[in-house]
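Participant: Below, each chain spelled out in residue letters.
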Amino acid sequence: MGDTPPDAVVVARVLDGDVEAFALLVDRYQDEFTAYAKHMTGSADDAADIVQESLVRAYRSLRRCGDPTRFKGWLFRIVSNQCKTHVTRRARRRRDHLDDVADDIASPYEADSAARRAELRSELEAGLQQLPADQREALVLRYIHDFSLREMTEVAGASIPALKMRLKRGREALREKLEGAV
Amino acid sequence: MKHEHELLTRYLDGELPREALPPELQAEADAFHGMFEDLKQERISAPPWVRTAVMSRVRAAPRARWRDLLGWLVTPKLVPLSPVTAMVVLAAGVAIAAAVRYQPTAPSQVAAQVQDGRVMTRFIFLAPEASSVAVTGDFVDWRKGGIPLERDPSGNGMWVGVVRLEPGVHQYVFVVNGTEWRPDPNAPELNDGYGQKNSMLLVPQMRS
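Chains V and X are the protein sequences, given in the same order. So for the first sequence, the working numbering puts the first residue at 677; every next one is plus one. So for the second sequence, the working numbering puts the first residue at 885; every next one is plus one.
Hints are supplied without guarantee of correctness; some may be wrong.
Taking lysine-lysine pairs in the DSS-like style, the calculated list, with each CA pair at most 27 Å apart, reads [what the hints assert, rightly or not]:
{"no.": "1", "chain 1": "V", "residue 1": "Lys-840", "chain 2": "X", "residue 2": "Lys-924"}
{"no.": "2", "chain 1": "V", "residue 1": "Lys-840", "chain 2": "X", "residue 2": "Lys-1028"}
{"no.": "3", "chain 1": "V", "residue 1": "Lys-840", "chain 2": "X", "residue 2": "Lys-1081"}
{"no.": "4", "chain 1": "X", "residue 1": "Lys-1081", "chain 2": "V", "residue 2": "Lys-853"}
{"no.": "5", "chain 1": "X", "residue 1": "Lys-1028", "chain 2": "V", "residue 2": "Lys-844"}
{"no.": "6", "chain 1": "V", "residue 1": "Lys-748", "chain 2": "V", "residue 2": "Lys-840"}
{"no.": "7", "chain 1": "X", "residue 1": "Lys-924", "chain 2": "V", "residue 2": "Lys-748"}
{"no.": "8", "chain 1": "V", "residue 1": "Lys-748", "chain 2": "X", "residue 2": "Lys-1028"}
{"no.": "9", "chain 1": "V", "residue 1": "Lys-844", "chain 2": "X", "residue 2": "Lys-1081"}
These stretches of chain V come out as covered by chain X in the derived footprint (C-beta under 8 Å, 3 or more residues) [said to hold, decoys possible]:
{"no.": "10", "region": "680 to 688"}
{"no.": "11", "region": "825 to 836"}
Hints were generated in silico from the structure; no laboratory data involved. Virtual Cβ for every residue (Gly too), placed ideally from N, Cα, C.
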């Protein structure tokens, strides 16, 4: 590791008063969590805001990170909760709008051109945005970020049977929104 | 709505390798994964202002000395002890525990009886101000609603419930008013790694 001390060492330095050391953790995780937050919210701007807020919250409650060797999982849970809060609030505000979007979604496997692929991608993103936050989180973690079910339990704070149910319902809902193409 | 084939469900949950699927389900599985491929490949970076904003806010955060002190006090630490000192400390701890263990005013306790191989375990929690209390834990997959306790009719503020548990170590907390998770004040605590405390309970193997 050499130049990159492990998370637990950096956390200890920050807790010892070395505020600047926190930048190491920011640099280490901001891109990965921005990607996750963008998949959860569908918006790059919202994702950046969420990651900023989550990192500041993590700093303020760093002493409550019980096991600094698992800092990443702890931070992931903060980001995940921020995402769910964000999408739940937004869903209330935009429910009518999203219903309109649903009417525009077409079958994703009609053609394989680049344009069609881009269209499929935007349809998929729109479909994900319409799922309940728990189901969306499960699908994003499992199929975009390649988490195992066991890894997902740490982030989602749910049991494996509960996560399996969320995945199944999420897949079924997504298939229905994409008109049974998968 | 088309229902998902059971084998496909198990594959998509990570329980089966792709080779375990018949060709038609392999194609369906590939189509499903392919749908996410573009999103997986997309390179997403945080805009530079995120780092700037975070560090500005972190540097500006007030240093609460009392919070630092409190944090130091509650953070687990390795304390080097000689064997003799450790034995003295342990003996003192056992003596104190023995003195307080069976006090009738203890607000919460777990009592056990055996039935049908599982152990009837009584959860008791003192919360006179609560409108509802439940117990949740690994034995109900941490369901938020848990198992509701009943208010003791004598009006002593106790909430009581009996749960049949498999022998072994269990983790649990009480859920007060449906939202507030509280550990059992009379049970050993375990940090769950995210700043929350769970209570621990050893259910012994017993004969009925």
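Participant: Apply the coverage criterion to the region 680 to 688 of chain V and chain X: a residue qualifies when its Cβ sits closer than 8 Å to a Cβ of the chain, and three qualifying residues are needed.
Facilitator: violated (count 0)
Participant: Just to be careful, I want the Cα atoms of X:Lys-1081 and V:Lys-853 compared with a cutoff of 27 Å; is the pair within it?
Facilitator: violated (41 Å)
Participant: Holds or violated: are the alpha carbons of V:Lys-748 and X:Lys-1028 at most 27 Å from each other?
Facilitator: holds (25 Å)
Participant: Does X:Lys-1028 lie within 27 Å of V:Lys-840 when you go C-alpha to C-alpha?
Facilitator: holds (17 Å)
Participant: Given the hint that V:Lys-844 pairs with X:Lys-1081, test it: the Cα-Cα distance must not exceed 27 Å.
Facilitator: violated (31 Å)
Participant: Would the hint linking V:Lys-840 and X:Lys-924 be met if the CA-CA limit is 27 Å?
Facilitator: Measuring from Cα to Cα gives roughly 21 Å; hence the hint holds.
Participant: Hint check: X:Lys-924 vs V:Lys-748, CA-CA at most 27 Å. Holds or violated?
Facilitator: holds (20 Å)
Participant: X:Lys-1028 and V:Lys-844: Cα distance at most 27 Å?
Facilitator: Judged against 27 Å, a Cα distance of about 21 Å means the pair holds.
Participant: Would you say the region 825 to 836 of chain V counts as covered by chain X, given the rule of at least 3 residues with C-beta under 8 Å?
Facilitator: Our answer is that it holds, as 5 residues pass the Cβ test (under 8 Å) against chain X, meeting three.
Participant: Take a quick look at whether V:Lys-748 and V:Lys-840 sit within 27 Å of each other, Cα to Cα.
Facilitator: It holds: about 23 Å lies between the C-alpha atoms, which stays within 27 Å.
Participant: Please work out if V:Lys-840 and X:Lys-1081 have their alpha carbons no farther apart than 27 Å.
Facilitator: holds (26 Å)
Hints 4, 9 and 10 from the earlier list are contradicted by this structure; the remaining hints agree with it.
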